[in-house]
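Asks: Sequence:
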Amino acid sequence: MKRQDPLIETEPLVEVADGKELMENQLREELPIVGVKMSETVMEEENYRRIGARRIVFENCRFLTCDLENCEFSDVIFRRCDFSNTNFRRGYFKRCLFENCKGVGAKMTECLISHVRFSGCMFSYANLDGSKLEYVEVAESSFRAAGMSDCFCKEIRWDQVELSEVNFFKTSLQKMNFTTCEIGGILISDDNSELNGAEVNLLQALELSKRLGIIIKEEGTEDEGFCKTGKCKKSISDGRSGDPGSGWN
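According to the working numbering, the sequence shown is numbered sequentially starting from 1.
Read the hints as simulated data drawn from the structure, not as lab findings. A portion of the hints provided could be inaccurate.
Restraint ranges, calculated between C-beta atoms of paired labels, are given here [what the hints assert, rightly or not]: (1) E155 / D18: 37 to 43 Å; (2) D18 / S193: 49 to 55 Å; (3) G185 / E29: 23 to 29 Å; (4) A139 / S193: 50 to 56 Å; (5) L13 / N100: 16 to 22 Å; (6) A17 / D191: 32 to 38 Å; (7) K2 / E99: 49 to 55 Å; (8) S119 / L203: 37 to 43 Å.
Note that the Cβ used here is the ideal one computed from N, Cα and C, for glycine as well.
Go ahead and model the full structure; you've got the sequences and the hints to work with.
Replies: In structure tokens:
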């Protein structure tokens with residue numbers, strides 16, 4: 001099964017002059033927003049809990065420190081939007097695209113994120129702890145220092161993503177390919193079980209080996225260092241290098 005794109009083009013979208021007023025009216029009537037394009041709308045510290053949206057394009061909109069807990073977004077495109085420090089806790093995102101969006105410090109804990117693509121986005125320090133992610137693609141984006149602990153993940157694809165210092169504690173990374181990504185300083189458990197079945201490149205493997213206390217030596221020498229000849233032997237030290245619970249050194 002492949003990731004599904006938003007079903008937007010079934011009917012023409014209606015251009016909205018005042019997106020903020022529309023959202024407030026629909027929320028008051030407990031009705032979802034359907035079939036519109038909303039542009040250049042700025043919302044700051046607003047309460048939009050339980051807001052629903054289907055077949056929507058948000059373009060150049062700003063949701064700054066807003067509360068969208070228990071929101072529902074289906075078949076939605078977010079284009080050049082800013083969600084910095086906004087609360088999406090227990091939100092539902094299905095068949096959504098985030099294109100060149102910013103979500104620094106966004107709270108997306110306990111969310112269901114299904115058939116979603118992030119492209120050219122900045123979501124550093126976002127918190128996705130406890131979320132379920134399936135059929136998700138992330139490309140040319142940054143999730144640096146984000147929280148992704150205790151997540152359920154299925155069919156996740158990373159392509160040129162900044163994942164340094166991400167907290168993956170108790171999140172299985174099995175079948176995930178990180179070879180084009182930056183994963184320095186990720187946080188995982190002491191037994192490194194999260195890494196079982198993950199795909200990494202040679203340099204990433206050398207860095208990860210430090211967590212296991214492995215010293216890589218060149219054949220025929222006593223000097224520690226990276227293998228230059230392709231004939232290497234591995235020596236496991238009595239203890240681990242660095243602080244076992246603090247990530248990489």
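Asks: Does each hint hold? Answer for all of them.
Replies: Here is what the structure says about each hint:
1. E155 / D18: 37 to 43 Å: holds (39 Å)
2. D18 / S193: 49 to 55 Å: holds (51 Å)
3. G185 / E29: 23 to 29 Å: violated (47 Å)
4. A139 / S193: 50 to 56 Å: Taking Cβ atoms as reference, A139 and S193 lie about 27 Å apart, which means the hint is violated.
5. L13 / N100: 16 to 22 Å: holds (19 Å)
6. A17 / D191: 32 to 38 Å: Between A17 and D191, where Cβ atoms are some 57 Å apart, the hint is violated.
7. K2 / E99: 49 to 55 Å: Taking Cβ atoms as reference, K2 and E99 lie about 19 Å apart, which means the hint is violated.
8. S119 / L203: 37 to 43 Å: Since S119 and L203 have Cβ atoms about 25 Å apart, the given range 37 to 43 Å is violated.
Violated hints, listed in ascending order, are 3, 4, 6, 7, 8; each of the other numbered hints is respected by the structure.
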